[in-house]
Structure formats: C-alpha cells, structure tokens
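Add chains B and R to chain W, keeping to what the hints say.
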Amino acid sequence: MFRDAAIIAGKDLRLEARSRVVISQVAPFALLVLVLFAFALDPDSGALSRAASGLFWVAVLFSGVLAIQRSVAVEGADGNRDALRLTGLDPGGIFVGKAVAVALELLVLEVVLGAGVAILYNATEDGVNSPSSVGLLICAALLATAGIAAASSIYGAIAAGLRVRETLLPLLLLPVLAPVLIGATRAFEAALDGKAGEGWPWVAWLALFAIIYAAVGLATFGSLLEES
Amino acid sequence: MTSLLNPPATSATASRSTRILGLLLIVGFALLLYLAFVATPPEQTQGDSYRILYLHVPSVTVAYLGCLLTTVGSLMVLWKGSDWWDVTALAAARVAAAFTAVVLVSGSIWGRATWGVYWVWDARLTSTAMLMVLLLGYLALRRLPADPPAQSRRAAVLGLLIIPNVILVHYSVTWWRSVHQGSTITRPDAQIDNLMLFTLFYGFLVFGVFFVWLMIHGFRIAWLERQVEAVGLEHAIAERRAEAGVVAPGAVG
Amino acid sequence: MGYAITCWVLSAVILAVFIGWTLLRGRRLSAQVPADQRRWM
Chain W
1 MFRDAAIIAG KDLRLEARSR VVISQVAPFA LLVLVLFAFA LDPDSGALSR
51 AASGLFWVAV LFSGVLAIQR SVAVEGADGN RDALRLTGLD PGGIFVGKAV
101 AVALELLVLE VVLGAGVAIL YNATEDGVNS PSSVGLLICA ALLATAGIAA
151 ASSIYGAIAA GLRVRETLLP LLLLPVLAPV LIGATRAFEA ALDGKAGEGW
201 PWVAWLALFA IIYAAVGLAT FGSLLEES
Chain B
1 MTSLLNPPAT SATASRSTRI LGLLLIVGFA LLLYLAFVAT PPEQTQGDSY
51 RILYLHVPSV TVAYLGCLLT TVGSLMVLWK GSDWWDVTAL AAARVAAAFT
101 AVVLVSGSIW GRATWGVYWV WDARLTSTAM LMVLLLGYLA LRRLPADPPA
151 QSRRAAVLGL LIIPNVILVH YSVTWWRSVH QGSTITRPDA QIDNLMLFTL
201 FYGFLVFGVF FVWLMIHGFR IAWLERQVEA VGLEHAIAER RAEAGVVAPG
251 AVG
Chain R
1 MGYAITCWVL SAVILAVFIG WTLLRGRRLS AQVPADQRRW M
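Protein chains in written order, with our numbering: chain W, 1 to 228; chain B, 1 to 253; chain R, 1 to 41.
With the rest of the complex left out, here is chain W (with noise of 0.2 Å):
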C-alpha cells in the first residue's frame, strides 16, 4: 500500500511542480486573505495581533478547500479516474498519497502564511521563548495539517465527479474542519502566549482527528472510489 501511495503522491507533486497552480495562486490567494482581515478588523486596534492564530487557521483552511478542489479536479481530467481504477492500485494507497501530497502543499501554504502574518499582523512572538512552544507550534502544525489533508480526501472523493463540486465541496468540508479550527488555534495561542503547557492537550486533540479521518480514510475510499 505505501508503493501506491508514494506513486500517487509522486505523480501530484510532480503535477504541481510543472503547473506550479498552488505556489502561483493558492498561495497569493492566502495571503489576499490575510490583507482582507486586515482591511476588515482595524490594524490599530490590537485585534488583528490578538486573532492572529485563528486568522491564520482560517486562512488555512480556505487555502486548503482551493488545494483540495485542484487535487480532485486533475483526477477529473480526460477521465483518468476510469484510469486509475484500472491501474489495480489499492484505494487505501490511493488515500494516503492524495493525502500526502494535499499535506505537503499545505505545509508549504503555512510556512508562506507564517510569515505573512508575522510581518503583517506584528503578532507578538515574546512568547515563543522556549524550545516548548517552538515544539507545540510545529506539533500542532503538522497534525492539524494531517487532519485537514485526511478530511479533504475524503470528502474531495465524495465530491469528485459532480458538476457542483466548486459549490458543494466547501459546504461539507468546512463544518468538518471546525474541531481542526478550535484545537489548532488554541494550541497557537497556547504557543505564542508562552503558555506552552496549556497547548499541549490540544496537540492530542488534533491527532486524535488525525487518527480518526485516517482510519476513516482506509476504511471507505476503497467504496468511494468505485463508479458503479
């Protein structure tokens, strides 16, 4: 299964080095994002650097619907899912490395964001002190990140093949983000506040959604994948 999956996550990586999609317009979509948030809370006022970690979530979390719809909407292509199905590669493969490269880009998309939000938010970093909150940003990074490519791989699949997918796929992928959403940015807060021990708790939150969109993931794609 991990052959599969390294296939699969090969060939979108390599898809996305040559169209280079994400890096030339998710990534400016999710910095517009953060200069919407600006213009709509006033910089002035503290609240931009105090909603600094859910504004960045959020950001996230639209730029991962883009990334998402493009990794279902290069499968839709001149009918390479019929393709794939033919390939006899084994779904929970198929799951992992969709997944797997929807992740990859996604922690491209934050390191980006990261940054723009610490130059253009003047979040206060005083808290990140200790190697303990430098640790619980990056944990809490790479799980909520797993998370959100678990789900969006599964609900792009429950989607894939449906003229309203553009419409419908935010609609029931973003509810299921919530937990993300709330874990991720209490563990940031957590982090940048230097209180990095009450960040912690939401770190195992975040695998545990991990965990359970994964084994969700293995579970059903085999059924998903299937057209008839």
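I should point out that these hints are in silico values taken from the structure, not numbers from a laboratory.
Glycine included, each C-beta is placed from N, C-alpha and C at the ideal position.
Please note that a few of the clues may not be correct.
Claimed, not checked - Covered, in the sense of this in silico footprint (three residues per stretch, anywhere, with C-beta under 8 Å from a C-beta of chain B), are these stretches of chain W:
id, stretch
1, 178-191
2, 211-220
Said to hold, decoys possible - Where chain B lies over chain R, by a calculated footprint (3+ residues, C-beta under 8 Å):
id, stretch
3, 13-20
4, 25-33
What the hints assert, rightly or not - Which residues of chain R face chain B? A few of them, derived with a C-beta cut under 8 Å, are:
id, residue
5, M1
6, Y3
7, A4
8, T6
9, C7
10, W8
11, L10
The following block gives chains B and R in isolation, referenced to the frame of chain W:
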C-alpha cells in the same frame, strides 16, 4: 401492517394507514396544546415561557431519531447495498433537518426568554448549529442526479459521518469554552409537577407518532423519486440507442 | 406567555411548510409514476 406496504389507490402518497395516523395526530396535537397552554400551571422561576419546553424537548428527540435512522441506513447501504435503507436514510435526514430547524428556533427564543440572548456559543447550541449545516450538506448531495449505486455509496459515507462530526465539534467546544465559563449553560431547573411531567411524556408520544407519519410519507416520496430517475435513465438510454441505430433489447424488432 | 406563543407559532409554521411540501411532492411524484410501477418494497 400490510396496509403500510400496499401502494395507495389515489395519486398521492397517502393511504388508509396514514389517514388514520393523520387523524390521530390532529386530535393528539389539539390535546397537547390544551395541556401545554391551559391545563398546566405557570412555572415558578420562568413563568409562562417554560411552555416552550413541551415543544423543544420532543423536537430534539425526533431530530435525534432522524439522525440515528440516517446513520443506520447509511451503514446498511455500505454493508448490504440495501436500496430500502438508502431511501430510509434520505427520508430520515429530511425529517431530521426540519426538526433541527425547530430545535434551533425554539431554543433560540427560549434563550431570549430565560437568558436575554438569542444565542450563546456553548457546546450544545454550537453542535446543534453544526448538525443543521451537516444535514443540509447531506441533503444537497442527495439532490444531485447520478448513477444510483455509486452515488448512494458516497452519500452513505457522508451520512455515516454526520453524527461523529457533531460529537467531535461538541467536545471541541466543550473543552474550549470551559476555560471561560461553565461548559454548558443550564437553564434554571424547572419545578416539575405531575401534570407537567405527564404533558412532557405525552408530547413525546404525539411527536413520535408525528415522526412515523412523516417517515411513511417521506419514504414513499424518496422511493418515487428513485423510480422517476430510473425511468428517466431508461428513456435516455433508449434514446441514445435509437440515435446509434441499435434496437433496444426488449423491443420487438 | 408571549415568548411561548411566538415560539410555538414559528415552529408550527416551519413544520407546516414541511408537511405541505411532503404532501404536495407526494402528489406530484405519484402522478408522474404509472400505477403499476408504484409498488415499493
């Protein structure tokens, strides 16, 4: 029981059993309204606004029943590929959506009456709102025409995940909000006397029958929708074959 | 009493719309499907 299975004579989803149930419901609701508004005394702390409880609590139960049926139905679709359960899941989701809307509206008004605000971001309200969104998403997916077996499997996965997602959101909000306030704002405990308790349980009974009535009609509607789509599909295939000059299999050549 | 009555009325409206939709849709669909194909289960 067989009258439930026989197609109705008229051009509608009604049948003898649903008409009988319907009549019972009209009488039943009339009695419930009398009990809820006239027979029972006002409550000590909340006055008359507590009467919302007789509507709100049974509605919650019916909404949860609907969700449960959708979940079981989705499971059976994935496990056994059952069409019957696929139709039941859809009908149940529709009923659940209607009653979740009632729960949100009635809960909101009750909140205004007792706490002065229409909404608070506590675990119970937030997860109910999420349930509404998840149900609407499920219904949106099911409205789309697509190859029945594949579509019903995907919808089943979606349906199966509704309740787990609500649970995940519920716990997220509980742990999040517990930092700022008590995890769930509880209403002042209503002083319940015997007639109030009876009215509440009677409410469960009436709403339960209401649920059955809605499910019978809803099942028939969803089943008919399936038939219409299948007939439409057959026509489309026949047309396509005619275009290609191929004689349809069952046709007399 | 005002809150209670408003609440019940609003909820009744929601449920009435649902009932109405159910019955009307049932009628429309039954008309579309010929009687012999209407057997369920």
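Run through the hints listed earlier and report the numbers of any the structure violates, in increasing order. none
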